[in-house]
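Residue numbers (our numbering), protein chains in the order written: chain A, 1 to 128; chain B, 1001 to 1293.
None of these hints come from the bench; they were simulated from the model. Just so we're clear, the structure is a prediction, and the values are computed from it rather than from any experiment. Backbone N, C-alpha and C fix where the C-beta goes; we use that ideal spot for every residue, glycine too. Any given hint could turn out to be false.
[As the list claims (entries may be wrong)] Partial pick of chain A residues on the chain B-facing surface, computed with a CB cut under 7 Å:
{"id": "1", "residue": "H9"}
{"id": "2", "residue": "V44"}
{"id": "3", "residue": "I49"}
{"id": "4", "residue": "P51"}
{"id": "5", "residue": "N52"}
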Amino acid sequence: MVEYRIDRHSGVATYVQIVQQTKQALRLGLLEPGDRLPTAREVVEATAINPNTVLKAYRELEREGLVEARRGLGTFVRRSLGTAPADSPLRTELEAWAERARTAGLERDDVAALFTAVLDKHFQGDPS
Amino acid sequence: MSSDAALRADALGKRFGRRGGWALRDCSFRLPAGRVCAVVGPNGAGKSTLLALAAGLTAPTEGSVTVLGTTPAAARPRVGFVAQDKPLYPQLTIAETLRMGADLNPEHWDAAVAEQVVTGGGLDPKARIRSLSGGQRTRVALALAVGKRPELLLLDEPMADLDPLARHELMGTLMAQAAQYGTTIVMSSHVVAELEDSCDHLLLVGGGRIRLSGEIDELLAAHLRVTGAADAGGLDAATVVESRVTGRQLTALVRPAGPLPGDWRTSAPSLEELILAHLRNPGAPALHEESAA
Chain A
1 MVEYRIDRHS GVATYVQIVQ QTKQALRLGL LEPGDRLPTA REVVEATAIN PNTVLKAYRE
61 LEREGLVEAR RGLGTFVRRS LGTAPADSPL RTELEAWAER ARTAGLERDD VAALFTAVLD
121 KHFQGDPS
Chain B
1001 MSSDAALRAD ALGKRFGRRG GWALRDCSFR LPAGRVCAVV GPNGAGKSTL LALAAGLTAP
1061 TEGSVTVLGT TPAAARPRVG FVAQDKPLYP QLTIAETLRM GADLNPEHWD AAVAEQVVTG
1121 GGLDPKARIR SLSGGQRTRV ALALAVGKRP ELLLLDEPMA DLDPLARHEL MGTLMAQAAQ
1181 YGTTIVMSSH VVAELEDSCD HLLLVGGGRI RLSGEIDELL AAHLRVTGAA DAGGLDAATV
1241 VESRVTGRQL TALVRPAGPL PGDWRTSAPS LEELILAHLR NPGAPALHEE SAA
């Protein structure tokens, strides 16, 4: 089960934050096919956001084929995203790289900028 | 007109005393059922008058207000109302107050949610109402209104005397009611940020009139914040809500009628910018984006 964290000052629309956090959980393997997403009631009770915002996010995830709403039962994950679960070899390599970057004296922002630049070079034109 | 409006006003007006000024005038809007509506406006704008009219506590001087398809008096059993001064019986205990709520609403009293609201604040059920702080009284008043499991909740400044933690918790409880039962919620505040994430509908009241009404997304989409050269021109086609010139630059909030000429930089306004621009410019025309749904 995922727990959504809404950042009011991020400038990102609230429903987009829910979509992004769900996808993040799918990429990291924290959500797997068959898992149930929290109900709109559960999300709004914890976050105090408008119920329609949650429904809008779930509709967007459904439109992308990632989840499906089953009447009276809830919203369930249909497929997972990406091929980099939390414990993959790629992640281990990245962990080691980040560790080396830190040891080399790079700051968080430096590392983020470097990573983004490499990402942009290799995934140019791909949808984000 | 469609019958699925939870609240509807037609040319609604209220004047206090024969010689008094109009607290509210020419108000026409329609709030579809199931919405969470923010009633926003400065102090003395007419927010409390509007809610009191909807709750049937006071009668209109002119025009009419329709609540859940009927008169405010006939709708009262299906409406929960929390007035700004949170009237409760000071000599009763919290437990007695909740029992009174149960007795008054025998068909549909939700004891679990009423108790959840009260115990969430760590209140002792044996405490008398007169011994409670303002925020604690708010909790009890909200427990009574929510426990009634109404179809329409009218809340006048519900969050004003609550601490941030209680505010978040109780707003969560209200949203859960809306999610589970489709409760229509109307709540007033003069703090926009407090309501922004929880509401999907807006009534902006200023100077006794409705300045903006409709779905927040649609109201935002109808406006643009533009900046450009002060002598650029080309804003004639749009309704200018507010504009300011600083040196050679012009900044404005507009309602475009069509595409603007390319030499304007545009961005989407925030809800707060939209509301403040309208309140600073009482002469700007009102906008009613009543959805057809």
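Verification of the supplied hints:
1. H9: At about 10 Å, which exceeds the 7 Å cut-off, the nearest Cβ of chain B leaves the hint on A:H9 violated.
2. V44: Interface hint status for A:V44: holds (4 Å vs cutoff 7 Å).
3. I49: Since the shortest Cβ distance to chain B is 5 Å, the answer is holds.
4. P51: 4 Å, holds
5. N52: The hint holds - A:N52 has a Cβ within 7 Å of chain B, the shortest such distance being about 5 Å.
Violated hints amount to a single one, hint 1; each of the other numbered hints is respected by the structure.
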